[in-house]
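2 protein chains.
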Amino acid sequence: MENFEYYNPTKIIFGKRTIEKIGEELKLNGFKKVLFLYGKNSIFNNGVYETVTNSLKNNNIDSVEVGGIKPNPVLSKVYEVIEICKKEKIDAVLAVGGGSVIDSAKAIAAGASYDGDIWDAFEGKVSLNTSLPIFTVLTLSATGSEMNAFAVITKENEKKKWAFTAGVSSFPKVSIIDPSIQSSLPIEQTTHGAVDAMSHIFELYFDGTDNTDIVDEYSEGLLRTIIKHTRILLNDHKNYESRAQLVWAATLALNGSNGTGRKWGDWATHNIEHSISAYYDIAHGAGLAIMFPAWMKYVYKIKPEKFARLAEKVFAITEGTVEQKALSGIEAVKNFYKEINEPTSLADINITEKDIPELVENAALQAPLGRLKKLVKNDIESIFKIALIK
Amino acid sequence: MENFEYYNPTKIIFGKRTIEKIGEELKLNGFKKVLFLYGKNSIFNNGVYETVTNSLKNNNIDSVEVGGIKPNPVLSKVYEVIEICKKEKIDAVLAVGGGSVIDSAKAIAAGASYDGDIWDAFEGKVSLNTSLPIFTVLTLSATGSEMNAFAVITKENEKKKWAFTAGVSSFPKVSIIDPSIQSSLPIEQTTHGAVDAMSHIFELYFDGTDNTDIVDEYSEGLLRTIIKHTRILLNDHKNYESRAQLVWAATLALNGSNGTGRKWGDWATHNIEHSISAYYDIAHGAGLAIMFPAWMKYVYKIKPEKFARLAEKVFAITEGTVEQKALSGIEAVKNFYKEINEPTSLADINITEKDIPELVENAALQAPLGRLKKLVKNDIESIFKIALIK
Chain E
1 MENFEYYNPT KIIFGKRTIE KIGEELKLNG FKKVLFLYGK NSIFNNGVYE TVTNSLKNNN
61 IDSVEVGGIK PNPVLSKVYE VIEICKKEKI DAVLAVGGGS VIDSAKAIAA GASYDGDIWD
121 AFEGKVSLNT SLPIFTVLTL SATGSEMNAF AVITKENEKK KWAFTAGVSS FPKVSIIDPS
181 IQSSLPIEQT THGAVDAMSH IFELYFDGTD NTDIVDEYSE GLLRTIIKHT RILLNDHKNY
241 ESRAQLVWAA TLALNGSNGT GRKWGDWATH NIEHSISAYY DIAHGAGLAI MFPAWMKYVY
301 KIKPEKFARL AEKVFAITEG TVEQKALSGI EAVKNFYKEI NEPTSLADIN ITEKDIPELV
361 ENAALQAPLG RLKKLVKNDI ESIFKIALIK
Chain R
1 MENFEYYNPT KIIFGKRTIE KIGEELKLNG FKKVLFLYGK NSIFNNGVYE TVTNSLKNNN
61 IDSVEVGGIK PNPVLSKVYE VIEICKKEKI DAVLAVGGGS VIDSAKAIAA GASYDGDIWD
121 AFEGKVSLNT SLPIFTVLTL SATGSEMNAF AVITKENEKK KWAFTAGVSS FPKVSIIDPS
181 IQSSLPIEQT THGAVDAMSH IFELYFDGTD NTDIVDEYSE GLLRTIIKHT RILLNDHKNY
241 ESRAQLVWAA TLALNGSNGT GRKWGDWATH NIEHSISAYY DIAHGAGLAI MFPAWMKYVY
301 KIKPEKFARL AEKVFAITEG TVEQKALSGI EAVKNFYKEI NEPTSLADIN ITEKDIPELV
361 ENAALQAPLG RLKKLVKNDI ESIFKIALIK
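Protein chains in written order, with the working numbering: chain E, 1 to 390; chain R, 1 to 390.
It is worth saying that the hints were derived from the structure and are not from the lab. Please read all numbers here as calculations on a predicted model, not as lab measurements. Ideal placement from N, C-alpha and C gives every residue a C-beta, glycine not left out. Hints may contain errors.
Claimed, not checked - Counterexamples of contact, computed for chain E against chain R with all Cβ distances above 12 Å: (1) Leu56; (2) Asp91; (3) Ser184.
What the hints assert, rightly or not - Derived BS3-like pairs (lysine-lysine); straight-line CA-CA distance at most 27 Å: (4) E:Lys21 to R:Lys263; (5) R:Lys228 to E:Lys313; (6) E:Lys11 to R:Lys11; (7) R:Lys303 to E:Lys263; (8) R:Lys173 to E:Lys313; (9) E:Lys16 to R:Lys27; (10) R:Lys32 to E:Lys228; (11) E:Lys87 to E:Lys70; (12) E:Lys303 to R:Lys228; (13) E:Lys263 to R:Lys21; (14) R:Lys27 to E:Lys173; (15) R:Lys173 to E:Lys173; (16) R:Lys27 to R:Lys11; (17) R:Lys228 to E:Lys16; (18) E:Lys263 to R:Lys40; (19) E:Lys263 to R:Lys238; (20) R:Lys33 to E:Lys11; (21) R:Lys173 to E:Lys27; (22) E:Lys263 to R:Lys11; (23) R:Lys263 to E:Lys263; (24) R:Lys21 to R:Lys40; (25) E:Lys11 to R:Lys263; (26) R:Lys11 to E:Lys27; (27) R:Lys11 to E:Lys173; (28) E:Lys238 to R:Lys238; (29) E:Lys173 to R:Lys263; (30) E:Lys228 to R:Lys313; (31) R:Lys11 to E:Lys228; (32) E:Lys385 to E:Lys301.
To be verified - Label pairs and their calculated CB-CB ranges: (33) E:Val322 to R:Asp236: 47 to 55 Å; (34) R:Lys338 to E:Asn129: 50 to 58 Å; (35) R:Lys228 to E:His237: 37 to 45 Å; (36) E:Ala316 to R:Asn211: 18 to 26 Å; (37) R:Glu50 to E:Lys57: 53 to 61 Å.
For reference, chain E alone in the conformation it holds in the complex (with noise of 0.2 Å):
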């Protein structure tokens, strides 16, 4: 087991009819004018805008509303808003959404409170501390952003798609997440959802790190929790259980608890994925979906006995040698993936040979990628040819 640090101190308020709650929580914490920023218009389609809008009424704060952030959020978009803070004097920041607004959210935070670029913190040219408060109500479970400290951002004209932290200061001071919101949006969005949050999880499970107990037994149970309930979902979108199951689980894969004692993650697969969604228009966790069957088949030799205990643990295969388990174990993930509809081959998302080595030579910008094996350009480039496989 590593040392480490482990401090969240994001409030997470959960559950049905939670959401009207927010203004009195921007109230308490003596916040007046605050930022309300969203993404498209389901907000108005499943009552949440109305939720929020007149709980911001019912506490006297006032609110300067910004929609349109998207998918694969942009850093044009972060910096417009980032201009709205300043000129109108914003206290805090209330993302409305999911990752993408509640990223966006984070760099807008940190830049309304950073005289200089603030893309110079994605480069890593600039280390920030200081935020406007972020507030959140999640309405889409994924990316896990409503409790942690991570962003990620596309700078458009570079086709780079570059994650930040603010430090503590990024944390949301509260996340509220009613579960019950989610059963309106299209199944892809909680398939899509699905499979972000398993491959956080496989990020820190796969990290190389051992004497990993605890955090093992924590990973499996997530993820078996995630397939039950996901599972359920398919057939049965509005189960409120197996929603509030899948939420909380998205949210706990990446709230820093499951990388303690860890490295805290390979993540060479969410490299790799950035550079697909920074050139298509595909959701992060279809192209997850797609690489990280692809990753593990390319470097489970490394440690065959963790491969095979997430097929024994999480897929109850017992049969066969360490590597016939582990290969076994990631066919079982793929297969996972086609049965709830996600694409799990390029061929599905019509990226062919020819367009992979200008992704390749995306990805390798931020090279050496990953921790249980360094990936520079050529494996990324083998990782990519099995992806292209059916």
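Go by the hints and put chain R onto chain E.
Chain R alone, transformed into the frame defined by chain E:
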């Protein structure tokens, strides 16, 4: 799943050679004069006293030292130290020890910020939410107090061993956990701690809430980890990796995460045990080893399938009817406690039938106890009688 709020702002610093960071953490938070609270002589023998005082000195932190906090800590000592804090104008309380020292620190920190009688908060006559900031260096894992907001203190003259919290202010700001120093303690302190941690998990697991897959998986993983590594430590007391697993599991067992979505636990058995350790000088963990299997036997018929689940998931008992599995699981808990040399009957600590009425009377002061089954005096008496059986 129940609606819930979750918030835990304690920063954990975990691992080898971390205790020397305490002075820097206090300095970073701006504190200059601390109350340095500890228990008996063990911190002089294992080097912790010297590490802490050097770290304070190196960071120009003044300290007022108070030792002599006893296991099953008492209110008279808390009163005494509150006066010292007020007189010495203390900035923060630094607890160096196990649950007894940390619990005392919480009561002292709240009492030093309050003009009335701190015991009023235990009796529920007043609700406090202010404390001096609390920092801890954990030297014995068991109670989980290093990462939660609760404390248990005994009012000696009335034999009341009761719990209190001053809300968010009772969370330690920083807790440092170096597992390696616990290997110098007598083995029975390790096994008492393991029983205490397992009991916290049982209190949460058996509180009767339905649809709690995530936290049930989490509980079962923690229990398997504790059982596995306590067995290893029994024969290999200095095994760092097993110590680290056990120590972190004990913290996670009661830091709130395992309560999310539940009704926050049953707690009848803890209340019953508190009566025993209010009268007899026995370790809380030893008392729980006796009383938990007895409570389980008395209540399992209310939710036999949950007791059968424990048997299956933690002890791999798969044969028999639901009721048979439930009973085998309870027997397996008791057998594990025997295996690690914990008492499992009141007879083992020389309590006989004639002693029971007074203990029942004391435990019933806060009745009805529990949640899975609300226990009144008759129930408590029945459980004590089951606990007489070897």
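Cross-check of the supplied hints:
| no. | hint | verdict |
| --- | --- | --- |
| 1 | Leu56 | holds, 20 Å |
| 2 | Asp91 | holds, 21 Å |
| 3 | Ser184 | holds, 19 Å |
| 4 | E:Lys21 to R:Lys263 | holds, 21 Å |
| 5 | R:Lys228 to E:Lys313 | holds, 16 Å |
| 6 | E:Lys11 to R:Lys11 | holds, 14 Å |
| 7 | R:Lys303 to E:Lys263 | violated, 40 Å |
| 8 | R:Lys173 to E:Lys313 | violated, 36 Å |
| 9 | E:Lys16 to R:Lys27 | violated, 42 Å |
| 10 | R:Lys32 to E:Lys228 | violated, 52 Å |
| 11 | E:Lys87 to E:Lys70 | holds, 23 Å |
| 12 | E:Lys303 to R:Lys228 | holds, 23 Å |
| 13 | E:Lys263 to R:Lys21 | holds, 21 Å |
| 14 | R:Lys27 to E:Lys173 | holds, 24 Å |
| 15 | R:Lys173 to E:Lys173 | holds, 16 Å |
| 16 | R:Lys27 to R:Lys11 | holds, 15 Å |
| 17 | R:Lys228 to E:Lys16 | violated, 38 Å |
| 18 | E:Lys263 to R:Lys40 | violated, 36 Å |
| 19 | E:Lys263 to R:Lys238 | holds, 24 Å |
| 20 | R:Lys33 to E:Lys11 | violated, 30 Å |
| 21 | R:Lys173 to E:Lys27 | holds, 24 Å |
| 22 | E:Lys263 to R:Lys11 | holds, 18 Å |
| 23 | R:Lys263 to E:Lys263 | violated, 34 Å |
| 24 | R:Lys21 to R:Lys40 | holds, 22 Å |
| 25 | E:Lys11 to R:Lys263 | holds, 18 Å |
| 26 | R:Lys11 to E:Lys27 | holds, 26 Å |
| 27 | R:Lys11 to E:Lys173 | holds, 15 Å |
| 28 | E:Lys238 to R:Lys238 | violated, 51 Å |
| 29 | E:Lys173 to R:Lys263 | holds, 24 Å |
| 30 | E:Lys228 to R:Lys313 | holds, 16 Å |
| 31 | R:Lys11 to E:Lys228 | violated, 33 Å |
| 32 | E:Lys385 to E:Lys301 | holds, 18 Å |
| 33 | E:Val322 to R:Asp236: 47 to 55 Å | violated, 26 Å |
| 34 | R:Lys338 to E:Asn129: 50 to 58 Å | holds, 52 Å |
| 35 | R:Lys228 to E:His237: 37 to 45 Å | holds, 39 Å |
| 36 | E:Ala316 to R:Asn211: 18 to 26 Å | holds, 22 Å |
| 37 | R:Glu50 to E:Lys57: 53 to 61 Å | holds, 59 Å |
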